[in-house]
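Engineer: This is what each chain is made of:
2 protein chains.
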Amino acid sequence: MKKAIGVFDSGVGGLTVVRELIRQLPCEDLVYFGDTARVPYGIKSRETVIRFSIENILFLLKQNVKLICVACNTASSFALPVVVNHFKVPIVGVITPGAREAVYATQNKRIGVIGTHGTIKSRTYENEIKQLEPSIKVTATACPLFVPFVEEGWLSGKVVMDVARHYLEPLKASGVDTVILGCTHYPLLKPVIRQVLGKKVTLIDSAKQVAMEIKKILAQDCCLAKNGKGRHKYYVSDNPEWFSSIARRFLGEAPKNVSKANSNV
Amino acid sequence: MKKAIGVFDSGVGGLTVVRELIRQLPCEDLVYFGDTARVPYGIKSRETVIRFSIENILFLLKQNVKLICVACNTASSFALPVVVNHFKVPIVGVITPGAREAVYATQNKRIGVIGTHGTIKSRTYENEIKQLEPSIKVTATACPLFVPFVEEGWLSGKVVMDVARHYLEPLKASGVDTVILGCTHYPLLKPVIRQVLGKKVTLIDSAKQVAMEIKKILAQDCCLAKNGKGRHKYYVSDNPEWFSSIARRFLGEAPKNVSKANSNV
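Sequences listed follow chains H and Z, in order. First residue of the first sequence: 24, per the working numbering; consecutive thereafter. First residue of the second sequence: 24, per the working numbering; consecutive thereafter.
Among these hints, one or two may not hold up.
Any copy will do: because identical chains look the same in the list, a pair fits if it lies in one copy or spans two.
[What the hints assert, rightly or not] In silico lysine-lysine, DSS-like type, Cα no more than 30 angstroms apart, as pairs:
1) Lys144 / Lys279
2) Lys213 / Lys181
3) Lys26 / Lys249
4) Lys256 / Lys181
5) Lys153 / Lys26
6) Lys181 / Lys195
7) Lys181 / Lys222
8) Lys25 / Lys222
9) Lys252 / Lys132
10) Lys111 / Lys223
11) Lys160 / Lys132
Quick caveat, the hints were computed from the structure, so don't treat them as lab data. Being a predicted model, the structure only gives us computed values, none of them experimental.
Using the sequences plus the hints, can you model the full thing?
Structural biologist: Structure follows, in structure tokens:
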């Protein structure tokens with residue numbers, strides 16, 4: 024039986040990664056789990072995010088997956104270092120690929136990172152970047168209102184612009200030439216962020232790199248699906264109708280095959 | 024042994040009710056549960072909010088309480104009608120007292136209701152008001168960004184004012200003279216809401232009426248505590264430090280005796 028790639032996120036944001044996976048790996052089956060009953064993760068503690076992540080991983084393992092992608096920056100920051108060596112299947116987060124791309128992109132060795140309270144507090148991006156290139160200066164700042172803005176569909180306009188200007192001020196002040204969008208919701212605010220930071224700043228959205236990393240691992244393990252069209256199955260722990268309606272923004276198309284399931288039972 | 028009053032909320036907002044309970048019932052012991060691991064409830068489905076609420080009620084019953092207050096508008100809207108007859112202890116929500124006060128206050132028979140997506144979608148306030156006085160015209164609107172604003176401490180300023188103007192436009196247009204703050208976070212935004220709606224509009228914060236209702240029920244059941252100073256114990260399912268730091272805004276003082284506990288185990 025063909026095994027799928029499992030992807031989990033706190034809610035809907037991880038679909039930006041799914042979109043890229045479908046683009047780069049069109050033959051692969053995908054199983055997505057969005058923890059919409061307990062969303063958001065970004066304001067919750069390390070301990071709780073680890074507990075939720077392990078429950079989500081166990082749920083995906085029951086769906087017969089060959090690899091798991093943690094498509095949530097907060098879960099990748101807090102849980103990945105704890106879980107990565109515990110399971111037989113490879114587990115891929117979104118931090119390392121994003122950090123690597125940013126280190127490659129920066130010319131002036133000044134990188135900005137934006138994310139949730141949890142992601143920024145964990146300093147995971149900073150540590151990953153420093154490991155690759157200790158001389159790089161990292162400026163990290165939390166943008167907690169960006170997630171509710173995206174979920175409410177406020178993707179442009181005066182209010183969002185004012186908040187973006189407020190949040191991104193420290194990045195402008197420190198002269199970064201590269202900024203990591205360290206939350207899967209943020210790519211939807213790219214036009215606003217670009218307008219505030221200017222065209223010369225490179226915005227790094229880790230989805231592309233994450234999908235490339237997953238392709239590489241599957242190829243190494245000789246389990247890349249090479250034929251046929253992949254099937255995609257979506258599970259959410261709450262509000263499948265709401266998920267379906269908002270998912271198009273992230274996925275570029277309406278998801279089919281959405282069901283409700285809890286990971287903590 | 025002296026029995027306590029149990030109070031639960033999705034997070035920190037229910038402390039506005041606790042504050043009023045302490046004011047009106049200083050001799051009573053209180054046990055608070057804030058479900059900070061699964062906050063917010065306002066964006067979640069009826070089914071999920073009912074499940075969470077029942078878990079929270081069972082947790083409070085283990086703490087030996089004589090009455091339970093559902094100090095969350097979303098949980099009161101969705102879960103109260105389902106649970107109110109299942110348990111031996113009285114269960115009091117925040118909707119009926121708020122609706123009653125608003126019906127009393129309005130002169131022109133036009134009442135506005137603001138709340139989360141869940142509360143507004145449930146139409147519980149509207150139904151309660153119509154039951155008391157069918158001729159009243161109710162205008163209800165969701166203000167989903169108000170909760171993240173309050174939790175992030177954005178209680179004033181241009182951005183919050185712009186969002187409030189946007190949300191409250193339908194209430195202004197329909198000429199309401201009374202507005203129910205149908206979410207326990209909203210009393211913290213009273214100055215902003217007042218500035219947008221004008222001084223002539225009465226803002227109803229149900230905390231005072233809820234505490235009066237609880238006092239009445241306990242007196243009827245002859246179990247009012249009349250001596251000594253009440254003890255107050257706070258449980259949260261995540262982030263006790265964050266809870267303690269933000270709680271002062273709602274409670275008027277820093278809470279002592281905060282512990283972590285899960286209601287779903």
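Engineer: Determine for every hint whether it applies to the structure shown.
Structural biologist: Cross-check of the supplied hints:
no.: 1; hint: Lys144 / Lys279; result: between (36 angstroms within a copy, 25 angstroms between copies)
no.: 2; hint: Lys213 / Lys181; result: both (15 angstroms within a copy, 23 angstroms between copies)
no.: 3; hint: Lys26 / Lys249; result: within (12 angstroms within a copy, 66 angstroms between copies)
no.: 4; hint: Lys256 / Lys181; result: neither (37 angstroms within a copy, 43 angstroms between copies)
no.: 5; hint: Lys153 / Lys26; result: neither (36 angstroms within a copy, 55 angstroms between copies)
no.: 6; hint: Lys181 / Lys195; result: both (19 angstroms within a copy, 21 angstroms between copies)
no.: 7; hint: Lys181 / Lys222; result: both (19 angstroms within a copy, 27 angstroms between copies)
no.: 8; hint: Lys25 / Lys222; result: neither (44 angstroms within a copy, 66 angstroms between copies)
no.: 9; hint: Lys252 / Lys132; result: neither (42 angstroms within a copy, 60 angstroms between copies)
no.: 10; hint: Lys111 / Lys223; result: neither (43 angstroms within a copy, 65 angstroms between copies)
no.: 11; hint: Lys160 / Lys132; result: within (6 angstroms within a copy, 61 angstroms between copies)
When each numbered hint is compared with the structure, violations occur for hints 4, 5, 8, 9 and 10.
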